[in-house]
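Novice: Let's have the full structure, built from the sequences with the hints guiding it.
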Amino acid sequence: MRFPLIFFKYLVWHYGKALLEFTAIYKNLINFVYNFFSIPILLRSFFAPWRRLGEEYPKDVLKIEEMASVLVINFLMRLVGIVMRTVLIVVGLVTLLLMIILYPVLVIFWLLLPLIVVLLFITGLIFLFFGW
Amino acid sequence: MSKTIRTILSQSPFYPILVLESWVSSTRRQAILKFSGLIFVLFMFFTLIVSLSNIIPGIDKNLIALLAPRVWGLLLISFAFYAVSKMIEAYFNSSYYFDNVAQNKYQPGDLFTFTVGRVLSSIKGDEILPGFLSSPLGIEIMARCGIPEEEIEKFLASWKNDQNYQLPLANDKVLKLRDLVVSLYDGQKSFKDFLFRFDIQENELIGATNWVVRRIETNEYKKRWWWEDNLKRIPGLAKDWGFGNTPTLDKYCWDLLFGAQISSTDHDFSSREEELSQIEEVLSKDREANALIVAETDQEAMDIIWHLVRKIREKTVPPAVSFRRPMLLNTGNFLAQFKERSAVEQELVKMLDESARAGNLLLIIDNFSLLLSGLENLGSNFLSLVDHYLTANLLLIVGLADTDTFHRKIETNAGLMTRFDRIFIRPLPEESIVRSLEEAVWLSEKRNNLFFTFPAVMAIAHDAEYYFSESNTGDKAVDLLSEIVPWSASRGFYLIGKKEVEEFVEGKTKIPLGEINPAEKEKLINLEENLHKRVIGQEEALKAVSNAIRRSRTGIRNPKRPIGSFLFLGPTGVGKTETSKALAEVFFGGEKDLLRLDMSEYQGADALAKLTGSFGESQAGVLSNLMREHPYGVLLLDEFEKSNKDILNLFLQIFDEGFFSDMSGKKVNVRNLIFIATSNAGADMIWQAVKEGQKPEATKIIDSLVSQGIYKPELLNRFDAVVVFNPLTSEDLLQIAKLLLGQLAKRLSEQGIDLAVSDFAVKTVATLGANEVFGARPMIRFIQDNVEQPIADKIIKGEITHGFHVDLLPPETGETNLLKIDAKIL
Numbered sequence: 000m001r002f003p004l005i006f007f008k009y010l011v012w013h014y015g016k017a018l019l020e021f022t023a024i025y026k027n028l029i030n031f032v033y034n035f036f037s038i039p040i041l042l043r044s045f046f047a048p049w050r051r052l053g054e055e056y057p058k059d060v061l062k063i064e065e066m067a068s069v070l071v072i073n074f075l076m077r078l079v080g081i082v083m084r085t086v087l088i089v090v091g092l093v094t095l096l097l098m099i100i101l102y103p104v105l106v107i108f109w110l111l112l113p114l115i116v117v118l119l120f121i122t123g124l125i126f127l128f129f130g131w
Numbered sequence: 000m001s002k003t004i005r006t007i008l009s010q011s012p013f014y015p016i017l018v019l020e021s022w023v024s025s026t027r028r029q030a031i032l033k034f035s036g037l038i039f040v041l042f043m044f045f046t047l048i049v050s051l052s053n054i055i056p057g058i059d060k061n062l063i064a065l066l067a068p069r070v071w072g073l074l075l076i077s078f079a080f081y082a083v084s085k086m087i088e089a090y091f092n093s094s095y096y097f098d099n100v101a102q103n104k105y106q107p108g109d110l111f112t113f114t115v116g117r118v119l120s121s122i123k124g125d126e127i128l129p130g131f132l133s134s135p136l137g138i139e140i141m142a143r144c145g146i147p148e149e150e151i152e153k154f155l156a157s158w159k160n161d162q163n164y165q166l167p168l169a170n171d172k173v174l175k176l177r178d179l180v181v182s183l184y185d186g187q188k189s190f191k192d193f194l195f196r197f198d199i200q201e202n203e204l205i206g207a208t209n210w211v212v213r214r215i216e217t218n219e220y221k222k223r224w225w226w227e228d229n230l231k232r233i234p235g236l237a238k239d240w241g242f243g244n245t246p247t248l249d250k251y252c253w254d255l256l257f258g259a260q261i262s263s264t265d266h267d268f269s270s271r272e273e274e275l276s277q278i279e280e281v282l283s284k285d286r287e288a289n290a291l292i293v294a295e296t297d298q299e300a301m302d303i304i305w306h307l308v309r310k311i312r313e314k315t316v317p318p319a320v321s322f323r324r325p326m327l328l329n330t331g332n333f334l335a336q337f338k339e340r341s342a343v344e345q346e347l348v349k350m351l352d353e354s355a356r357a358g359n360l361l362l363i364i365d366n367f368s369l370l371l372s373g374l375e376n377l378g379s380n381f382l383s384l385v386d387h388y389l390t391a392n393l394l395l396i397v398g399l400a401d402t403d404t405f406h407r408k409i410e411t412n413a414g415l416m417t418r419f420d421r422i423f424i425r426p427l428p429e430e431s432i433v434r435s436l437e438e439a440v441w442l443s444e445k446r447n448n449l450f451f452t453f454p455a456v457m458a459i460a461h462d463a464e465y466y467f468s469e470s471n472t473g474d475k476a477v478d479l480l481s482e483i484v485p486w487s488a489s490r491g492f493y494l495i496g497k498k499e500v501e502e503f504v505e506g507k508t509k510i511p512l513g514e515i516n517p518a519e520k521e522k523l524i525n526l527e528e529n530l531h532k533r534v535i536g537q538e539e540a541l542k543a544v545s546n547a548i549r550r551s552r553t554g555i556r557n558p559k560r561p562i563g564s565f566l567f568l569g570p571t572g573v574g575k576t577e578t579s580k581a582l583a584e585v586f587f588g589g590e591k592d593l594l595r596l597d598m599s600e601y602q603g604a605d606a607l608a609k610l611t612g613s614f615g616e617s618q619a620g621v622l623s624n625l626m627r628e629h630p631y632g633v634l635l636l637d638e639f640e641k642s643n644k645d646i647l648n649l650f651l652q653i654f655d656e657g658f659f660s661d662m663s664g665k666k667v668n669v670r671n672l673i674f675i676a677t678s679n680a681g682a683d684m685i686w687q688a689v690k691e692g693q694k695p696e697a698t699k700i701i702d703s704l705v706s707q708g709i710y711k712p713e714l715l716n717r718f719d720a721v722v723v724f725n726p727l728t729s730e731d732l733l734q735i736a737k738l739l740l741g742q743l744a745k746r747l748s749e750q751g752i753d754l755a756v757s758d759f760a761v762k763t764v765a766t767l768g769a770n771e772v773f774g775a776r777p778m779i780r781f782i783q784d785n786v787e788q789p790i791a792d793k794i795i796k797g798e799i800t801h802g803f804h805v806d807l808l809p810p811e812t813g814e815t816n817l818l819k820i821d822a823k824i825l
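Line order of the protein sequences matches chains A and B. FYI, the numbering for the first sequence is 0 to 131, going by numbering that gives the first Met the number 0. FYI, the numbering for the second sequence is 0 to 825, going by numbering that gives the first Met the number 0.
Be aware that a few hints might be false.
Claimed, not checked - Subject to a maximum C-alpha distance of 27 angstroms in a straight line, what follows is the list of computed DSS-like cross-link-like pairs (lysine-lysine):
1. B:Lys231 - A:Lys16
2. A:Lys8 - B:Lys231
3. A:Lys26 - B:Lys231
Everything labelled a hint here was simulated from the structure, so no lab data went into it.
Specialist: Printed below as a string of structure tokens:
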């Protein structure tokens, strides 16, 4: 008596609460990837110099040569920062995109899983005893 | 009844998983999951081989055609099997189970917790108590109480239900395992008696139950890596890209986020919630966000920092702190690099500039006062160097200091005090210590293959507070635990109970603890006799002292006061000091544990400063040092009445509370000492009474001392006993003379010389050696002059040597010595 009841309760969970939980966990993982690639920080500091490296401008604005050299160094530092950040942002966004695409696939897989299990089991038995 | 339990179970939302659990236990499920996964991988490998064989020439195609569908079939079946195992496991791990079990988020409709459900579903018979005690959880709780499984079996074999027990279920309350255990304790007398046999009381049973439940909750929580809190702990790839590098700072500092301590299981911040929120508040300020953490010891201040670092890692701190990199400056190491003012200033400013530019630092300065004084010694000033960073909020600084150095060196610097907010760390209550110990014990058990009972954990927390006065208790308890682990391993103990902890503490402190063993029982019963081996006469005095010691040893004494405090009144030379020595020997096992202070040296106005230390002169006190170096033993306060009034008031507090505060406000624990104050005050009255043929009455003498203003009544009341020592009778003197000569004979026999202690010699020493004013004390001098010295002279001259027999005879006419030394070869 207990087995059918538990089986029924399981199915109710599988097609109800489990889907919600799966979505919640998936959301956690997407959030994690988003934060792991530090996308919000990278976007906020997109134009900032690489690791805050740079030089201070001379107080005397008339020292043109010195000003120009500092300007170039600081520009290069910012450029390095922009390139590094762009690479990481792109990798992060691609990963996120893949995860988003994967979500409906996984949901469909989950929905079909009980059926897939039964089918695989039966097919496996047929293959085992009767060949192709 | 069993039907009722089943009905109750079926009403619970846990019913399906409880049934599944009863079919396949959690451990078995894990094993099945691993096994099915392995089989699946194995068949994948076979399938691959078979598929590849098809294209390799020379292999029989018919054989491959025969094998291929079979291997594929097995692969599909093994996958189906693995998928089902995974689905069942996912069902178990589903969120309502997670929320309830791992986060303790039950709702009234749940009726009972999952752990109670596990106990109920494992019940096979009709009764709850046997069901509970036979369930894996019940067995685990009993093991934590120190009760082995065989004892449970024995108890259950003879158990008969003579009481009508009802499961305490209510519609509006969730029954927790703790409630179930308490209801069994209250409702089943036989269970209570059974626990009593193992010295387990209700609080220990509840503590053990909570500990077991907490272990389950912690493990479940940690397993769920996908949960937001756990994922948050993984640091981002580019979290530091926006901040600057700090090469100079990195040379002297240590990034605490990579410290080993934060990977421990200790996530319980509840005991330090108040202090942590204070620190977070200060560090979130718009300006002057600098904190100074003041604790009894440096370690305690560091302990709070570890909590803060864990919170930073878990991102449960306010936004102003969450992105910070906590860097600990090793002050000693930093200062050791420099000999000149300019060099240290240059490096410090460079370091602070870097930190300010980096923008994400939280600079923690260990031993803050050392940095201040170190810079001062080099002619520099910390405040003038860092003031700019502190006021402009370019940097967050947290300084760590202990109470002592804070009061002496930091608090006096008014400028610094305006820049830093002070946070005082309060000592942890015993429950919090037990809680943090529980987690430390899990780690120790895992690493060292040991098993601690809950009473052992309680004993460690308790003993750390009472017997180890130095450093803070929370830290000391964990230290004590880490000392017990190798000690137990060296003795081959696997199970550590209260007894083992007490044995360890007893060995370390020499204070007898735990259950009284037969030898000690004998010693305690015959305490007066044992003391009498050294002290002659003074029956009442020895009885009073012995009774106090017995009270202390049986645990009846107030643990917040010293072990004992006695005032010995009486003339000189009647055995007051000797009793103290005898007590040190009997109670602590040796005279070396007798500490002595001559109170006549503490009469002046500076007496208190001499004893407890002087703040102005930064000088530690004699008593503070003595107590820190020897926290256990007998402290003899000679000529107590001569001490200054302030000193008497100090002892009023010591006898009452068991501690005093030294010059810097640090508490000094004296609860593990026996205080004996000796005093000649009242000696005249005692003599007078004896001369009149009366027995000296303690109450009369005390009244007289109070009326003369020598002692205040409140001080006398603080003593466990005020003991009057009577002048020695001639019979007592004879016995003392015999004892002293006996001691000399023993010393000589070690050199192979046999000294005969004749009645004549005893009588001579007692009559000519003792005197009315100084009691028995001059007898020692008499023996030295008339026996020891002549024998020593003869040994030097070669007239007495190894194998000689010495008699003490009456002196011959004309001889100056009062005893004739007659030596013969044996």
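Novice: Determine which of the earlier numbered hints do not hold for this structure and return their numbers in increasing order.
Specialist: 2
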